[in-house]
Each structure stands twice: as C-alpha cells, then as structure tokens.
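Student: Spelled out, the chains give:
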Amino acid sequence: MAEPLLELEGIEKSFGPVRALRGVSLRLDRGEVLGLIGENGAGKSTLMNVLAGVYRPDRGSMHLADQPYAPSSPLQGLRVGIAVIYQELSLAPHLSVEANITLGREVRRLGVLRSQYGRVREVLGMLEHADIDPGAAAGDLSIGRQQIVEIARALFADARIVVMDEPTSSLSAKDARRLFRVVGRLRDRGVAFIFVSHFLEEVRRLCDRFAVLRDGRAVANGSVDAVTDGELIRHMVGRDVGELYPQSHRRLGEVCLRVRDLNGREGKPTGVNINLRRGEILGLAGLVGAGRSETLRSLFGLNPAVSGRLTIAGKPELRVRQLTPASALQQGVDMLSEDRQGEGLALSLSISANITLSGLRRYSRWGLLDRQRERDSAVDWVRRLGIKAHTPDAPVATLSGGNQQRVCLARLLHRNGDVLLMDEPTRGIDIATKAHIYRLMHGLAESGKAILMTSSYLPELFGVCDTLAVVHRGAICEPRPVEEWTPEEVMQFATSGIGGPPLRSVGPSTA
Amino acid sequence: MAISRRRLAALGPFIGLAAVVTFLALITPPAFQSLYNLKTILTQSVIVGIAALGMTFVIVSKGIDLSVGSQIALGTVVTGIVINAIGPGFTGPLLAALAGVAACVAVGTVSGVLITRFNVIPFIVTLGMMQIARGVAKRLAREGTLSIPGNWLNDLMLVDPRPAWLIFAPGVWVAAALLGISTVILTRSGFGRYVFAIGSSERTARLCGVRVERMKIQIYALCGAFTGVAAVMQCAYLTVGDPTSAAGLELDVIAAVVIGGGSLGGGEGSAMGSVAGALIMAVLRNGSNMLGVPHYVQEIMIGTIIVAAVLIDRQKHRLGGGERAENNDPDSA
Chain A
1 MAEPLLELEG IEKSFGPVRA LRGVSLRLDR GEVLGLIGEN GAGKSTLMNV
51 LAGVYRPDRG SMHLADQPYA PSSPLQGLRV GIAVIYQELS LAPHLSVEAN
101 ITLGREVRRL GVLRSQYGRV REVLGMLEHA DIDPGAAAGD LSIGRQQIVE
151 IARALFADAR IVVMDEPTSS LSAKDARRLF RVVGRLRDRG VAFIFVSHFL
201 EEVRRLCDRF AVLRDGRAVA NGSVDAVTDG ELIRHMVGRD VGELYPQSHR
251 RLGEVCLRVR DLNGREGKPT GVNINLRRGE ILGLAGLVGA GRSETLRSLF
301 GLNPAVSGRL TIAGKPELRV RQLTPASALQ QGVDMLSEDR QGEGLALSLS
351 ISANITLSGL RRYSRWGLLD RQRERDSAVD WVRRLGIKAH TPDAPVATLS
401 GGNQQRVCLA RLLHRNGDVL LMDEPTRGID IATKAHIYRL MHGLAESGKA
451 ILMTSSYLPE LFGVCDTLAV VHRGAICEPR PVEEWTPEEV MQFATSGIGG
501 PPLRSVGPST A
Chain B
1 MAISRRRLAA LGPFIGLAAV VTFLALITPP AFQSLYNLKT ILTQSVIVGI
51 AALGMTFVIV SKGIDLSVGS QIALGTVVTG IVINAIGPGF TGPLLAALAG
101 VAACVAVGTV SGVLITRFNV IPFIVTLGMM QIARGVAKRL AREGTLSIPG
151 NWLNDLMLVD PRPAWLIFAP GVWVAAALLG ISTVILTRSG FGRYVFAIGS
201 SERTARLCGV RVERMKIQIY ALCGAFTGVA AVMQCAYLTV GDPTSAAGLE
251 LDVIAAVVIG GGSLGGGEGS AMGSVAGALI MAVLRNGSNM LGVPHYVQEI
301 MIGTIIVAAV LIDRQKHRLG GGERAENNDP DSA
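So the protein lines, in turn, are chains A and B. According to this note's numbering, the first sequence is numbered sequentially starting from 1. According to this note's numbering, the second sequence is numbered sequentially starting from 1.
One chain only, chain B, in its complex shape (with noise of 0.2 Å):
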C-alpha cells in the first residue's frame, strides 16, 4: 500500500503535465494543438529545461543553487567573448560554447569549495555566487550588451530548425541527450547513488565510505556544466552576451524541480520529472497567452502548482514518518 502511494506520488508530474495539455487542448484555438506550437513550446522550454536537470543533482543531494539565473548570464557574455576573439568560422563558436560552459563550471565549483570547506548551508553561499556572477558579467561585457556575429550557434535554438528535417530545434535535441544522460547517471551509477545518499543523509553517506566533500563539490561543478549548456542555448536564443539576462531564472528552475518531484528534504527528484516540470510551466504559459489569459493569472496559477507539488510531496513524508515513529527507543540514556 505505502510502495503503490510512493509510486504514485512518483508519476505526479507526469500526470500533471498530461492533464494541463489535455485542459488547454480541450478549451485553447486549434492552434495550440499544430506541429508548429509544439516546436515553440519545447524550445521555449530548452533553457529552463536543461538547467533543471543540473539542479535535480542539487536538490537530490539536499543542497540548492541559487546562482543558475546568473550563471546564464556569465555563460553568454564568456561566450560572445570568445567568439569576438576568435571569429565565427566552425571552431570559434565551438570553443565559445565550451569556454561558456567553463565559466559556470567555475562558478559552480567555487560554490562546491565555500559549501564544503567552510561548512556554510548552500542557500547562503550560492545567494552570494548569484551576485557574484552577475557583478563579474557585467564587468566582462563592460556594463553594456555584448554584440556577437552571426554564427551557427544561433541555429541552436531555431524553432525551424535546418535543416528541417531535424523538426525540432537542435537545442530540443540536445536537451532530450541530456535528459537520457542525467537519467542513466542519476539512476544507474554510482556517483547517482551518492548523490541521492547524501540527500537523504549525509551521515549515513559518510559512514559508508562516501566522500562527502568530494561529491559535493563534483554536484555544483556538474550543475555547472548543465546550466552552461543552458548559458550557450540562451546566447544562441538572444544572438547577444547579455549579461542581465535570465534574472530571476533560478526560481524557475528550481520551481521546474520541485513540480517534478525534487524534494528540498533531498533524497528524491528524478531528471525526466524535472523535465516534465519545466514543460508544465511552459506549456500553461504558453496556452495562456493563446487564450489571452492576463500574465498575472498566469503567475498565480504556476505558484498554485509550485506549492501544489510541495504538499503532495510532504504528503509522502508523511508517510514515511508514520512508520518511523513506532520504533523510537525509550530510555536510551
């Protein structure tokens, strides 16, 4: 009985998202329901989307990351640095994408080090990284945007992709790589175990031999990576290093998560419920706006399901505390 509700509260986010569609499918214009809607809302959905599936390792292993929205805008700024340095032939945007995904690597990391180091909870220090980062992106793009020449990233994120072919945007494509990647590394490797150990406690971890520090420090640095791969997608999306971009994205982010089924407690969270997460969101602000819903109803109704996915999974905590408390030891002194 607990296992089935356990394996039900599991497919929530699933459900969800299939009942959101099918409500907007039910009552939106027919527009909704064309190829090409589908084709916006999956990349309107890549940014968010793959910075979650960073953040799942976070929030699984019982920590946050609150610096993601300007990780982004580091990443874009390192970036179009990188390809005004070298030019947009083939190898500049490559190496451009890849110095952007260092720079949120770094950040991450550097996180990782004052979390671990300093014993300081990650609210706190990451709180600080945010700034941080943003304050570092600015000085790097001189206050101002940063113009970048048109090169082959920016086909990243071409709801028409080229060739067409491919049908969705290739940004699309790398996040469902990146989805399957996450999946199996969360589910079926050991440094996934540990990340969920460490969630769901950290001495016990430690008591097993886990390097607790070491992991810690490799979960931001891969939440990094995730969010610069994000970085490059927004870059793309923009066509500029804009270094007050995605402020603010942190909170979807980590609201994508826990809609998913990440808990704050750690230990649980799964990437294609954070996925499906961040698809809730842009699905129902996407058929708003098709219904001409006004943007206020719209953050009403996502904070409604931010806290709708809290209290279900407090539900299963519940659960989980009932059976524990029948074996409290008396008098252990």
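Next comes chain A alone, as it looks inside the complex (with noise of 0.2 Å):
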C-alpha cells in the first residue's frame, strides 16, 4: 500500500518579506487521507496554492508518482491529476452542474458541444448523488450538494489527489456525514485525499495520518491514531510569546458596551453576551468562520443582526437591529476593519481624507469645510503615528500596508471613540508596525477606552488583551481573565467547542 504519490521536498515561497512557507516537506500516499492542520497563518493556504499551482515555489521539488511536478498554473495541475476544492466554492452558478463538472473538458464535435450526460451521471452516482439532475443550475443547488460537484469536477478529470480547503466549514452535520462517507469510498479506489482542516474530530474521523504545519514548516506528521488531541495541538501552538507586547497590567473600569443576547443571521453570532469595561481589551479567539467578525460587525450595525440589544457608557439601551454605522459613531462606537484596502481605506482619496472620513463634522460649518484645519489636523496625525508619507494629501493607496494600517488607526484616534471594535488590527503587516500598534492599543485602553478585538494569531490575543473568550460556531464562551486561559485549552474549544468554560447561556442573562 504504502507507495508514495506525492512528495514535497523543501518547499520554500515568500512574499516579500512574509515567509509563508519555511521548507516543507511532506509524503502523500496513494489511497490516503492526510489531514493538514495548523493554525491560521501557519502556511495552509499557501502551501495549497503551491500544490495547485497558483504560486510557484521559491525553492524546493515536488514529485507526483516520480515524475517531477512543477504544474505553472492550475489548469495544468488538474490536467496531470490534482484538483484543488477551495473553501469559497468555483462553480459558475449561472451554468448547469454538466457544464460546470465538464467545464474545460468538453468535447466538441465540428466545434459544437457534445453532451457527455451519461458520463456525469455516473460521476455523480459514484459520488452517491445520482439525485443531483446535471441539467440544474449549479447556484440553485444547496451548499452541500454544490460541494459534490466540486469534488465530481475532480473526478470527471480523472484526479489522482483531490486537496479540499475546510470542506466542511459551511455544511450541515447532515451533508458533512455524506461528504466523508464520499471520501471513504473514493479512498477505497486510490484516490488520496489532502484534508484541510482546524476541526481535530473531522481529522480524526476521516484521516489516516495527520501533518501539522506552524508557521511555514511541517513540525509534525504520523499516524492519527498514534497521537492524542493535546499532543496535535501542542504541536500547533508550540511558540512563546515573546516582548512583542507591552507588560503592564491596566486597572479595569465600569462597564462601558453592554451586550445582551445578540444574534446575527445563520447563527453568527449566537446568543452572544458581553461585558467591556473601560480599560479592557476583551479578544475574541476562535476559527476563521467561527464569527468573530460578524459578531463585531452587527455591534457596529455593518451586518444585520436579528435580535439582541446593548447599552453604551450607561446611555439609554439600544436595539442591535437599528444600529447603523453612523449611529453607532454618534454613540461613541468605532470600528476598524479587517479588510483594509477593501473596506479600511478609500484607496484612491487622500491620507487626510481618510484619517478625517469619520469625524468630518467637526471641520464643516454650513456645510462647507475648513481644509485648512483639516489638514493642519491630518499632518498631526501623520506625525504622532509615524506615518512615513511625503504630504498627507497623496492617495492612500501610494502606502505600504503597515503604513496603511496606521491611517486606518489614526482615523479611530482621530474620531475618538469610547468603544473600539477591531477586527484582524495587525492582519498583513510587518513586526515593527505591529509592535507599535499593540502599544497605541494599550495605551488607548490606559487612557479608559474599551476594546474588543478579534486576532487569528493566538500569540497576539494573549499578549494584548486582558481578558480572552473564545468564539465557536457562532457562540462565545464566558471570558476569562487571560492568566486563566492556556493556548491549549483555547484551540480545544475553538476545535470542538468544549474543555472550555460553559458555553453562555442564550437566553438574556442579569450583568
């Protein structure tokens, strides 16, 4: 059994100066499952994008069944046997499932199409979906059974390694049970299976071996069944925090946002309750999808939120659902986004436009605005937060990410809110910046400002905040000072949603 059908060899890609990828190396078999796990960041992405032939590597070989594999796009991946499902589905949704599983690989005849129905069908009863009509359109289909096409794409190019990005991220129980009875049975015929995943039971359940990989290099890999959960996370975690973050511990005041019973829709969040208090950075700890971000983007009135009420700096309670961005602004609520250049930044307006975008009142007076102050206002910002630009009126997009950042920083500065949701504040950028950010961060909270955040890098959330809950599908756990939280037992419960404390109850709780 034990034949090798892929081999990594050193793989090493870098995007200027982020080293994504450290020199990985791994083995795949045929008829195998092999669970890639990590934690976000690690290098998944990545190291997928280079099997598919998205990125090429900066150094290091592949070998596909001894052959050298060197694919210069995907096309060519899947023409030699790899196709790669990606967590946001690629099915044209307007085009029938038999266009979308042939797309690429039609067969004309005098230049017209000819229907290859019988064959899809086949790939598809194979798959167990038989009921799946190849004439629907694809985007009429349920996410689950879109999937199936996914992986009957695969098939239908006569896939020898089939790489799935979190495949179960957004199916139900129902269709996830389907979807590994699938694998078990395209296994059974040889066809090896690279399984991306955070969820430890669904890499339980379904791999045969696991590799782990932290930050660019693949620490770890064996027998499934030969490891325990707290070894596998161990391996994910296993870094120290080092003096990236200012040691200070910040005195706690009165509470300050208030939030009772939220809920978002399809469950993100879920019956969330929150108590910030002035002085406190509360982070929120939990999976990519989990809805770290939706739960802070309903309390900003960005997404739609079904129910849920909350009371800022004592003033009088509010519904969620009304909650606009601008009201919530006026309510002393900021929010900093973890899209910068799509939603942070206007790219193409100027620095001191986009420090001032959020708190342009103070500078109007009928209407008409005081450039002169505005901009005397915005060289300021530039020069306290270190914004390396020649003059503040060059578009925003001439900046470099980190220095983009700081714009996005300056602008919550600026608008000087009381309540500071960031979501993903030091995604993208370099260590230096990074540093500086955590320090402007403790010292707004210092200065009695209330922060919630959202971090993917674990690192991160337990050297800035005070105290650490952890998001699951959709539902908080009660937040913990963070001396009482160990890396561990954060990636167990945002794995598995338990080892935790008890998850909060849904119904409205007494503060």
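The hints are simulated quantities; they were obtained by calculation from the structure and are not laboratory data. Nothing here was measured: the structure is a model prediction, and the numbers come from that model. This list has only true hints and no planted wrong ones.
Computed far set for chain A versus chain B, every beta-carbon distance over 10 Å:
| hint | residue |
| --- | --- |
| 1 | Ser25 |
| 2 | Arg79 |
| 3 | Arg145 |
| 4 | Glu254 |
| 5 | Thr311 |
These stretches of chain A come out as covered by chain B in the derived footprint (C-beta under 8 Å, 3 or more residues):
| hint | segment |
| --- | --- |
| 6 | 326 to 340 |
| 7 | 346 to 356 |
A virtual CB, placed ideally from N, CA and C, is assigned to each residue, including glycine.
Relying on the hints, combine the two individually framed chains into one complex.
Tutor: Given below as structure tokens:
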C-alpha cells in the first residue's frame, strides 16, 4: 500500500518579507487521507496554492508518482491529476451542473459541444448523488450539493489527488457525514486526499495520517491513531510569546459596552453576551468563519442582526437591529475593518481625507469644510503615528500596508470613540508596525477606552488582551482573564466547543 | 513622480481644450475667432454644460444617470404647461421654471430611491427612467409640441443678450454661477467629500458613518436639479415645450464628464473638467461647421476624444494599481 504518490521536498515560498513557507516536506501515499492542520496563518493556504499551481515555490521540489511536478497553472495541475477544492466554492452559478463538471474538458464535434450527460451521471452516481440533475443550474443547489459537484468535477478530470480546504465549515452535520462517506469510497478506489481542517474531531474521523504546519514549517506528522488531541494542539501552538507586547496591568473601570443576547444571520453570532469595561481589551479567539468578525460587525451596524440589545457608556439601551454605522459612531463606537484595502480605506482618496472621513463634521460650518484646519489635523496625526508619507495629500494607495493600517488607526484616534471594535488589527503588516499598534492599543486602553478585538494569531491575543473569550460556531464562551487560559485550552475550545468554561446561555442573563 | 503625473492628468481636459481652440484658430476662417462666435459657442454649450455639472456628482459617486435627456424633455413640457396656465408675466415663467426643475428633481429622486431601496444598478434603473420620463413628457404634451407664449425666459438663451452689457447670454452666466457652486460643493463641502468617498469605496464610506443610501438619493436628486435648469434653458432656446427634444443628449452629457476627467469607476471628476469637456465638444462642432467638415467626421473626432479620455483615465488607474499590488497579504486564511 505505501507507495508514495506525492512527495514534497523543502518547499519555500516568500511574499516580499513574509516567509509563508520555510521548507515544507510532505509525503502522500496512494489511497491515503492526509489531514493538514495548523493555526491560521501557519501556511496551509500557501501550501495548497503551491500544490494547485497558483504559486510557484521559490525553492524545493515536488514529485508526483516519481515524475517531477512543477505546475505553472491550476489547469496544468488538474491535467496531471491534482484537483484543489477551495473553501469558497468556484462553480459558475448560472451554468448547469453538467457544464460545471465538464468545464475545460468539453468534447466538441465540428465545433459543437457534445453532451457528456451519461458520464456526468455516472460520476455523480459514484458519489452517491445520482439525484443531482445534471441540467440544474449549479447556483440553485445547496452548498453541500455544490461541494459534491466540485468533487465530481475533480473525478471527471481523473484526479488522483483531491485537496480540500475546510470542506465542512459551511456544511450541516448531515451533509458533512455524507461527504465523509464519499471520501471514504473514493479512497478505497485509490484516490488520495489532503484534507485541510481546523476541526480535530473531523481529522480523527476522516484521516489516516496528519501533518502539522506551524510558521511555514511541517513540524510534525504521523499516524492519527498514534497521537492525542493534546499533542496535536501543542504542535499547532508551540511557540512563546515574545516581548512584542507591552507588559502592564491596566485597571479596569466601569462597564462601557453591554451586549445582551446578540443573534445574527445564519447563527453568527448566536446568543452573545458581552460586558466590556473601560480600560479593558477583550479578545475574541476562534477559527476563521466561527463568527468573530460577524459579532463585531453587527455591533457596528454593518451586519444585520436578528436580535440583541446593547448599552453604551450608560446611555439608554438600543436594539442592535436599528444600529447603523452612522448611529454607532454617534454613540461612541468605532470600528477597524479587517479588510483594509476593500473596506478600511478609500484607496484613491488622500491620506488626510481617509483620516478625517468619520469625523468630518468638526471641520464643517454651514456645510463647508475648513480645509486648512482639516489638513493641519491630518498632518498632526501623520506625525504622531509615524506614517511615512511626503504629504497628507497623497493617495492612501501609495502607502505600504503597515502605513495604511496606521492611517486606519489614525482615523479611530481622530474620531475618539469610547468603544473600539478592532477586527484583526495587525493582519498582513510587518512586525515593527505590529509592535507599534500593540503599544497604541495599550495606550488607548490606559486612557479609558474599551477595546473588543479579534485575531487569528493566538500569541497576539495572549500578549495584548486582558480577557479572552473563544467563539465556536457562532457561540461565545464566558470571557476569562487571559491568565486563566492556556493556548491549548483556547485551541481545544475553538476546534471542538468543549473544554473551556461553559457556553453562555442563549437567554438574556443578568449583568 | 506619481503625484505630478496625477496632477498632469487632472489638467488634461484644459490642455485638450486649449489645443483644440489653438488648432482650430490656425486653420479656420477669421470668423471663428470673432467675439460673436465665442458667444455662440458658449450659448450652445449651456445646456450640455449645466447637465454635465449635475452628472459630475453622479459619476464621481460611481453612478450613472441615463435619463437626463428625457428629464430635459419633461422639464420643457412642464415649464410650458405652467406658463400656459399662469400666463407670461414675470411670476408665471418664474414659477414655470421652478416647476420644470421640480419635475426633474422628482425623476432623479425616484431613480435614487429605486437604486438604494432595491439595490439595482443605476444603469438599469435610469435606463428605465429614461423611457418613463420621456413617456410622461409625451403624455403631458398630448403627443405633440406645446406652444408657449413669448416670455422673459426666452431671453436666457439669446446670443446677443438684452441688455447688451451682459455680453453673453444670461444662460451663460447662470451656467458660470452653477459651475462655481458645483466646484465649491465638490471640493469644499462635507457633502462633496462624501460623494468622492462613496465613489472611491462605498464600503469605506459606510464604515465611516456616511449614510450612503440617503446620500445617493440626494445625489440623483441634485443631478435632477441641474438637469432641470438645463431643461429651462432648452425651453428658452426652443421657445416651445417639446417632449421629443434632447433625445440622446444624455450621451453628450456623460461624454462631457468623461472627457473632463470623470471616471466611471468613481471617485474622480471635477466640475471645471466637465465644463471643459462640454466646451471641447462644442468648439469642435462649431469649428468643423465653419470648415465645412462633414458631420460624420465630427462624430468620428468626438468619438476619438472620448476614447482617448478613457485611455488617459486607465493610465491613471494603472498607476494606482501598480502601487497597490505590492502589499497584498498572503495566506490570510
């Protein structure tokens, strides 16, 4: 059985200064299911993209069935038998199931497409989904069925290796079980799988072997049966919190943000209660897609909430449903978006305009702006945050990522809200700017602001936060002082929803 | 370096206008350079120019309004009806002009509400409004032309104005005043800043507390107001209410904004530029007529200028794009 189908040797890949992969070696046997696990940012996506042919590795070699494998495009990867199914499915929603499955492998006769209905049905039948109508529009199918269509596309292309990224994150439990059965059957036919997942229980159920990525390295691998969850989590987390973080204990003041029974669409979030005090930095840990961002966004009126109430700094209670970003800002809530380029900044506007956009009214009289005062203020913030720019009039697009993030923070400081919602405040920026932002956040909390933040990077949460809560599939656990958590406990709760303190009850609770 | 190229691009429409004027001055008969001809060109630019000012707000906010030609037709009809109802004294035409403007504001408001409430793209909504406004205008004018008794509104578009010391037609002065007002709103007001912010990134504007939906309705209504003034000028020029007039004029208006540096990708454009765009087209048409250049050549030239303006716009964006590409973050999942 153990004949290597795919071998990776010392794969390295850098993006500018960021070393995403630092020498990954892996091996996948025929008819094997390999669980690829690791924290957010460990390099899993990059490795998948290298396998798919989206990225070319800087160094290292890959062999597929003893042949050198160096795809220059995803299509080439698929031609030799490696199919990658991303978390965001890539079906053309308007085309039929058949057209999607045969896309790129159409058979033409005299330039006219020939139906491959029979083969498509056969493949769907092999996947226990003969009931999917090849003529139906792919976009009309449920997410679970769309995933089956993606797998069918891979099978149709005679894939020998199927790489799946978090396939169950958007599936119901029933659909997930069905998917596992399909994977099992295909494995018996000799198809090998690489299964990228955060959920340890799924890795256990589905996979033969595991490999752990951490900081761009494959730090451990072996048989799933021979390892405990605790060992896996330690492999995923194992690194220490450096002196990046300002070590100081803040005194927490009165409650500044009180959230009761917050429910969002599609269960993100579910029954969330939060008490956030002045001077406190509360971190939300959890996996990508667990509902951390959604929680923050619905508290700012950006995501529609189904129900929930909030009180800000002792003001009258509000319904979260009625919140808009404009009213939230008026109440003293401000938000830092995780999507800096798409949402955080208006890239074609100047640095100055981006800093003052949320607080323009203070320069406005009779609707006209005092542009000199606005510019002076912008110059001041550019200086205070050390934003490297020749002039505040330059488009913010001309700045580096770290400086762009400083502009986003300058806007929050300029608006001077009491409650700051910071979604991934240090995503995709260099280490020096990170340290700077941690100091800024510490200073903000010391000055009496209340900060609710999310991060996919666990050491950051441990370094920055006073209290920590973990989100698992939309629900949030009781926040505890950060000293009372271990990274292992956080990961266990994030991946299984058990092990931490009890989940908060869904009903309204007393403060 | 990048900034200086940006500034250069912003000057483009004015350099273009100067180049067109200079070139035509060299090759046309002396009549082109006469004061009378200048007065003619400016008067001919009034309608497109004023409508282009309104369209600038829409295009800067990354929208489009295809209904302005029909709005102008509707405006002429409404103005005519009110004059006929009240009479051609002083107040009659004044109220009539206000009614014409109000009709166009109403069309713009409806477009804005449909776009924001049902989240339909502006192209489709205003394509529909183009037909609807035209149809309503025809119904109001009973499918014919509405004759209007002589009144002072007609003086607005006289190439030789009364009194003569005005030098240019009153409509030209109205357009100049509106140009000033638009420039102030776009560059010095909070409203204008929000228009740019929405056009540059709607999500960012929303994040920063801009009431995007309300703003969009106001933008289309404001465009309607400018278009309404253009409609009054059209009515003064035609001296009748004509529901079939200004067909296809929206394309001239959009072209003026685009030639003037407005980007259909949003976030860029200026009132001065749009007026320069309108003038470039008017000067070209006027000079070509004097040279006896056939109409089809004029169309090809103006089309070429529109495409060239868009290519310049692309060049600017490529500049921005190149800078952005360096900081995409890998492995964000």
